[in-house]
Amino acid sequence: MRTATSLNLVVPQPADAAEEPSLALAPNPGATPHGVPLPVQQTEPPIRRVEAWLRSALPKLLMTTLSLGLFVAFWYFATKYKLDFYIRFTNIPSPGEVWDNAARLAQSEKFYNNMYVSLRRILLGFSVATVFGVALGLLIGQYRGAKALLFPLFETLRPIPAIAWVPMAIMLWPTNETSIVFITFLGSFFPILLNTIHGVNSVDPVLLRAARCLGTTEYGLLRQVVLPAALPQIFTGLAIGMGVAWVSLIAAEMISGQFGIGYFTWEAYSLIEYADIAIGMIVIGVLGLLCSGAIRIMGNMLMPWMAGPTHGGQK
Amino acid sequence: MTQVDDKPNATGHILVDHLRVCFGSKAAAVEAVSDVSMEVKPGEFISIIGPSGCGKSTLLNVVAGFVKPNEGTVTMDGKATDKPSADRGMVFQQYSLFPWLTVRKNVEFGLKQKGLVANHREEAARTLLGLAGLLAFENHYPDQLSGGMKQRVGIVRALATSPQVLLMDEPFGALDAQTRVVMQQILTNMWQRFRISVLFITHDIDESIFLSDRVYVMTARPGRIKAEIPISLPRPRTPDMASSPEYLRIKQQLRDLITEESLKAMGGELKDSGLAGFDVEVGPKGVAELI
Chain P
1 MRTATSLNLV VPQPADAAEE PSLALAPNPG ATPHGVPLPV QQTEPPIRRV EAWLRSALPK
61 LLMTTLSLGL FVAFWYFATK YKLDFYIRFT NIPSPGEVWD NAARLAQSEK FYNNMYVSLR
121 RILLGFSVAT VFGVALGLLI GQYRGAKALL FPLFETLRPI PAIAWVPMAI MLWPTNETSI
181 VFITFLGSFF PILLNTIHGV NSVDPVLLRA ARCLGTTEYG LLRQVVLPAA LPQIFTGLAI
241 GMGVAWVSLI AAEMISGQFG IGYFTWEAYS LIEYADIAIG MIVIGVLGLL CSGAIRIMGN
301 MLMPWMAGPT HGGQK
Chain H
316 MTQVDDKPNA TGHILVDHLR VCFGSKAAAV EAVSDVSMEV KPGEFISIIG PSGCGKSTLL
376 NVVAGFVKPN EGTVTMDGKA TDKPSADRGM VFQQYSLFPW LTVRKNVEFG LKQKGLVANH
436 REEAARTLLG LAGLLAFENH YPDQLSGGMK QRVGIVRALA TSPQVLLMDE PFGALDAQTR
496 VVMQQILTNM WQRFRISVLF ITHDIDESIF LSDRVYVMTA RPGRIKAEIP ISLPRPRTPD
556 MASSPEYLRI KQQLRDLITE ESLKAMGGEL KDSGLAGFDV EVGPKGVAEL I
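Residue numbers (my numbering), protein chains in the order written: chain P, 1 to 315; chain H, 316 to 606.
For the record, the hints were derived by calculation from the structure and aren't laboratory data. Beta carbons are placed, not taken as given, at the ideal position from N, Cα and C, and that holds for glycine.
In silico negatives: residues of chain P with every beta carbon more than 10 Å from chain H:
| no. | residue |
| --- | --- |
| 1 | Met63 |
| 2 | Tyr116 |
| 3 | Leu124 |
| 4 | Ala135 |
| 5 | Arg144 |
| 6 | Glu177 |
| 7 | Leu194 |
| 8 | Trp266 |
| 9 | Met281 |
| 10 | Gly293 |
| 11 | Ile295 |
| 12 | Gly299 |
| 13 | Met301 |
Covered, in the sense of this in silico footprint (three residues per stretch, anywhere, with C-beta under 8 Å from a C-beta of chain H), are these stretches of chain P:
| no. | stretch |
| --- | --- |
| 14 | 202 to 209 |
| 15 | 216 to 230 |
Here chain H stands alone, though its shape is the one from the complex (with noise of 0.2 Å):
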């Protein structure tokens, strides 16, 4: 019995290779990613990050289905991800919540999709609610919850049709700081008890740290990778690691790398009057003078 329990998950195993994604018409094409190769593990937790518009969205929308690659492949467990599918969950960083049904309705949406039986359907959502601790919500509507529950939401209705996969798309980028923190947790605990692989999209450093086994850094626009740091902070994680040396040294590193990559997607200007702009003199009437 126990066996069973301690083998690692076999399925959803994603293998990216040599990606390219182009958007746009040939002549005035844009090279969203460029030639991506990564790997996420069955079981394993993996963050992409990156500055913003590099690119790392478009690669989670290609490993859901969404967007299809001009080059490379994507597969999950050997097979294409070439459509949307309940087997590869996603949790978006808007609300994504069907405001009209309630609580317990969402998450039995995929269910209800996969041909369940409505008393199986609510036995199933009341559980993963239960999980969540969402359960004294279940018949509530979505707009009557706050962000994070709203959140809590998504994940468990993304995880209800028992996928091989989490692909979360920057999920909690618009929470506020202290229910972020409780938010990872609660998916760090989803996560072991899931046993599932998750791809997560953050731009947040201790975020990418704190929940991932690998981490992989991608370059400004044309998105490529440009490292790939392993975490080897001992689970479970607390947030006073934060101040272990070990942790602080990925932080830094991490830091380095996306610095730089920052200032090469703010372009030529920053790096040319931006930066060097320091010693321009500046009137009484100050910035505005310059503008």
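Next up, chain P with everything else stripped away, as it sits in the complex (with noise of 0.2 Å):
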């Protein structure tokens, strides 16, 4: 009981107890500069809510299920009757060979391990791309003086792929392990780098100005105004960035990796393990979208005013 009055306490007053302004003296009741409708509670039960969803959801369900469908039985097909029209299915693996290579390779310690490795090359290479990125974005996009200075290296260096950097790579690094993660940031750290110097720069000048007026020194500005301000052009660059940095990452373990899915699944063609293969490719592609998940998480997160349930309804 006690503990309950004392929360009351806490909760802020009900909004529509503060609507009228205490400074306003309206001629016009009806003229209040304000008209924002307060989020009203739902109040139906929660059966109701699953119930509505399940049907407003349901056709699309139904749609991707045969979607998928639809390709697992071509390739069911094609595998079975070893189609051979230019595309050759000889040797694809059928999907239950596909199924069974994985119930064995879901019991592989190796295999987990493999996932692991890939894992973390891209938490390292992606993570120093984003520090590395978005500081010298911040600067670039910013001050003339570090435009002039980094831009034209950045200009020179960024139509090469990060794949053409392999062999530089390998002599350039003391380990191989280093060279693939230099690979990854590579990959992931121009996307980073362009779109948050776009970022800066598509900043409102009037923000800056406001900012200045209320007595911000220069770090101030970048700190608080310009990078929350370039923030959700920073996170376009990242979810562009962790896409490359998987490609990069892949192709650098297929060339000069021991460990890692990439490697895995080059492995598993020299083995003549074909259904290795799909596993690999398939893995991948779920660890991929797993990764760009956990950056559309991150962003909703440090952006919370760009997720608000009125957001752009109400302006």
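The two chains are supplied separately, each in an independent frame; assemble them into the complex guided by the hints.
Written as structure tokens, this is what we have:
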């Protein structure tokens, strides 16, 4: 009981109680300068809501199942009858074989280790790329001097695909592991850098002027205005960067790797374990999807103002 | 105690002396403001009104410290206003709230730059938001507010750092007429409560009369001060004063001054063919024939 009362004290005053501005001498009660309806609490019972959700989601769910089912069915029949019509299914593993091998690999510690190694490389390369890409992007976007000094170099290096760096990276770095992480870093660095620069350049100048009038320092401006204002663009860069990081990682692993899911997939080809190739591909896809999802969740957490229930609806 | 309250604020004295501002390089330089001298006395509410493009925003930007003058000086309490500072709060025509901060965090922004600790900032921000009737929205993001509310938060944010003067660049220009009237009253109340000087840019004659102690009328580009009109209407001012003879006299006077300048601002082509063009014969195809 006691806790309940003390809790009540902390609850903010009901919104409608403060609708009237205390300083406004509104001559016309209808002319108050605010017309934002507050979100109404959902009072529907949960079962109803599940039902409603099911009704709206069911057709989409059916079509998704159908779409994927058709693909698997085609795969099944093409491999069963060894379809050979320019594209050849003679050596392609059937869905059943892939399933059986997947069940076997699910018990294999080595397979999990390959996944772990790839994820660790992604995490390292991508994190370093994020730190450097965002920091340098902020500097290049905000300061003409930094742009004059750094931008020509980056513009020269940018057209070289990360994979083209593989031989050079092997010579450059002491271990194979660091060179693969370096390739992953390179792949994600440029999308993050460019999107950050673009984000900084598209910051509304009135926000910078407002901040200056509020007495901000140069560092405060960068940290408290430019960075958050560019955050949506930065996250676009992170999402693209994550995709390119996976492309670069898998290629690097296939060429120079030991361990890693890309290496596993290529090794399966060399060892004529064709079903494992498909498993490698599927796992790469799923891991990539999970990484992009993680970035999206992080973005939503860091940018709550972008995800508000009324965002965009009531401008 | 009351003596302190009644004493007019001694700070916030803005002096513009023979100001001249040009834009562009030497050869193609355009004179935006030409030989402007004016004054905002401590605690005064001053409006500057003039045709669009007359350099009134430029003048305000020099006072704010964003634009350097080519000639002349602008000082506040004897110090040159050569860079932006929290002692000159500014409210912009465009919505300028930080979209990633809640209403309260927006108001706290200037206090944070001053180095105030979090609970003092919060307390100050909540007090100010309460005065403006915005406390219920302290945790909303700017995108969830209406235009009038956004500008109210903008005013509160500018006042939070206790500036000596509030610089306002057509702050209600983007609002609808009814919201404008309410905002003008809120602003008047805030101004009287905080006893600071206000320099207000507008192109709305009624707005300038309703709010100001004095109105400066600027000429078309290059902007000069054309006239200085004192507004002697008593305070508090109410919307029904708009029909008083004194109000109508001032309004007529201001309108004549501004119409003259607006015509000048639109340039020669209007004077020659636009106004004299009424006796042009227009055939069955209408105006399209002339173009």
